[in-house]
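Asker: Given next are the chains, with one letter for each unit.
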Amino acid sequence: MGGMGAIFWREARLAWAGGGGPAGPAAFFLAAITLAPLAIGPDPDLLASAGPGLMAFAALLSVLQSAERLYGDDFVDGTLDLYALLPIGLPLLSLAKTLGQGVATLWPLPVIALLGGLMYGVPLVSSLMLAASLAAAIPALVLLAGFAGALAAGVRRSGLLIALIATPLMVPVLIFAAGAGRAGFEGDERALANLGLTAAISLGTIALAPFGIAGAIRSRLG
Amino acid sequence: MTPFQPVSLAVEGLALSRGGLRLVGGLGFALKPGEALLLTGANGTGKTTLMRTLAGLVRPDEGRISCEEPVEEAVAWLGHSDGLKPGESLRMALRFWADIHGASRKTILPLMRKLDIEPLIDRPAGQLSRGQQRRAGLVRMALANRPVWLLDEPAGPLDGAGRERLADLVAWHRSRGGIVLAATHQTLDWPDAGHLALKAAA
Chain G
887 MGGMGAIFWR
897 EARLAWAGGG
907 GPAGPAAFFL
917 AAITLAPLAI
927 GPDPDLLASA
937 GPGLMAFAAL
947 LSVLQSAERL
957 YGDDFVDGTL
967 DLYALLPIGL
977 PLLSLAKTLG
987 QGVATLWPLP
997 VIALLGGLMY
1007 GVPLVSSLML
1017 AASLAAAIPA
1027 LVLLAGFAGA
1037 LAAGVRRSGL
1047 LIALIATPLM
1057 VPVLIFAAGA
1067 GRAGFEGDER
1077 ALANLGLTAA
1087 ISLGTIALAP
1097 FGIAGAIRSR
1107 LG
Chain U
157 MTPFQPVSLA
167 VEGLALSRGG
177 LRLVGGLGFA
187 LKPGEALLLT
197 GANGTGKTTL
207 MRTLAGLVRP
217 DEGRISCEEP
227 VEEAVAWLGH
237 SDGLKPGESL
247 RMALRFWADI
257 HGASRKTILP
267 LMRKLDIEPL
277 IDRPAGQLSR
287 GQQRRAGLVR
297 MALANRPVWL
307 LDEPAGPLDG
317 AGRERLADLV
327 AWHRSRGGIV
337 LAATHQTLDW
347 PDAGHLALKA
357 AA
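Line by line, the protein sequences are chains G and U. If you count the first sequence from 1, you need to add 886 to reach the working numbering. If you count the second sequence from 1, you need to add 156 to reach the working numbering.
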């Protein structure tokens, strides 16, 4: 387990030092939620009701946007070979690695979603609910992106492949995370249920995705 | 460095293929503690595939690889690429590899001195030359403190002085009871190392 900590911190540090850390996903997310009202129009009611869904959708896309580097770089520079030879085993390793990168690069998303919600005229409580559900969704999103990234590691135009693999898998997370914010906005008591389901999907993904990622890495290396 | 448990390595009847194409068949050899084996052969004869198979990264078609310890605990690997991150300083990278292998961080500097890259410790790997990166890769591999070293083209980017340092490092490892296997195109002058030439399969 000590090894997992070392890998988590190294990956977080590398994501910060080598890849601009949270700047990429945060900029993408900000751009998306800033541009959307220009396309939708200035109607305050419309913006407030569309806000939570838009925010969850933009967050999903910004996770996908950085997925290509998650395992692709390690495949090219030989790190993946070395990781595969560590006694810790690939499932635990990929869990620590993916969450390390995810936390380092995606932590601003719930914060931006909270501010974005307020900017769209979503009430504070529902904005908080949306931010909480996005925070709960991040482990699932980043592990699914990691799974797709591992399957596509070293493949040309892996970005396209990753989008095709990961998008369908992310559908439930999108529905529940957006649902929490929307139900909160509509004064529906199902907001907490949606939040709970988002967290449940994340926990399930934490338990299962590492084995998928490990299998994908093994088949890419073999 | 804390001593490791020396192991021997035996390979019998190994058959390998890549992309469905048979490369090697009926390959066998045995190495006792302190021995070294140089693999030679033209491009595409399966040197890298053999090394990756010995490391457990690729499954052989047939045959057996036996070693007293499980491969993941016996093998230290140096592949074509050195596993360095362009933005990471050697200090941070080597500290990580020392920690993850349970080696003392105090072993980093002596090993860097052996390969004459001690002054580069705070440089990001991306600013180093290929030869310097390879030397750092050798330090990383030695830090693992494993009995079996698998080196795929270790001397490729090294200059004359680097090859001498490599030979010293290998001699040091063998004196501790370690095994060294290297696939190479260069002539490596390692005292009483065995030779195995891979030929293209018919």
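Simulated from the structure, these hints should not be mistaken for laboratory data. Where a beta carbon is used, it is the ideal one built from N, C-alpha and C, also for glycine. Keep in mind that a hint or two might mislead.
Ranges between beta-carbon positions, derived for each pair [to be verified]:
| # | chain 1 | residue 1 | chain 2 | residue 2 | range |
| --- | --- | --- | --- | --- | --- |
| 1 | G | Ile1092 | U | Arg286 | 33 to 43 Å |
| 2 | G | Leu916 | U | Gly181 | 23 to 33 Å |
| 3 | G | Gly1090 | U | Asp315 | 22 to 32 Å |
| 4 | U | Arg220 | G | Gly975 | 39 to 49 Å |
| 5 | G | Val1041 | U | Gly176 | 15 to 25 Å |
| 6 | G | Gly975 | U | Arg286 | 30 to 40 Å |
| 7 | G | Trp895 | U | Arg286 | 38 to 48 Å |
Here are some, though not all, of the chain G residues that point toward chain U, as calculated from beta-carbon distances under 7 Å [what the hints assert, rightly or not]:
| # | residue |
| --- | --- |
| 8 | Gly889 |
| 9 | Gly891 |
| 10 | Asp967 |
| 11 | Leu968 |
| 12 | Leu971 |
Asker: It remains to establish, for every hint, whether it holds in the given structure.
Answerer: Do the hints match the structure? See the list:
| no. | hint | verdict |
| --- | --- | --- |
| 1 | G:Ile1092 with U:Arg286: 33 to 43 Å | holds, 39 Å |
| 2 | G:Leu916 with U:Gly181: 23 to 33 Å | violated, 59 Å |
| 3 | G:Gly1090 with U:Asp315: 22 to 32 Å | violated, 53 Å |
| 4 | U:Arg220 with G:Gly975: 39 to 49 Å | violated, 23 Å |
| 5 | G:Val1041 with U:Gly176: 15 to 25 Å | holds, 19 Å |
| 6 | G:Gly975 with U:Arg286: 30 to 40 Å | holds, 32 Å |
| 7 | G:Trp895 with U:Arg286: 38 to 48 Å | violated, 28 Å |
| 8 | Gly889 | holds, 5 Å |
| 9 | Gly891 | violated, 9 Å |
| 10 | Asp967 | holds, 5 Å |
| 11 | Leu968 | holds, 5 Å |
| 12 | Leu971 | holds, 5 Å |
Violation of the numbered hints given earlier is confined to hints 2, 3, 4, 7, 9; the remaining hints are satisfied by the structure.
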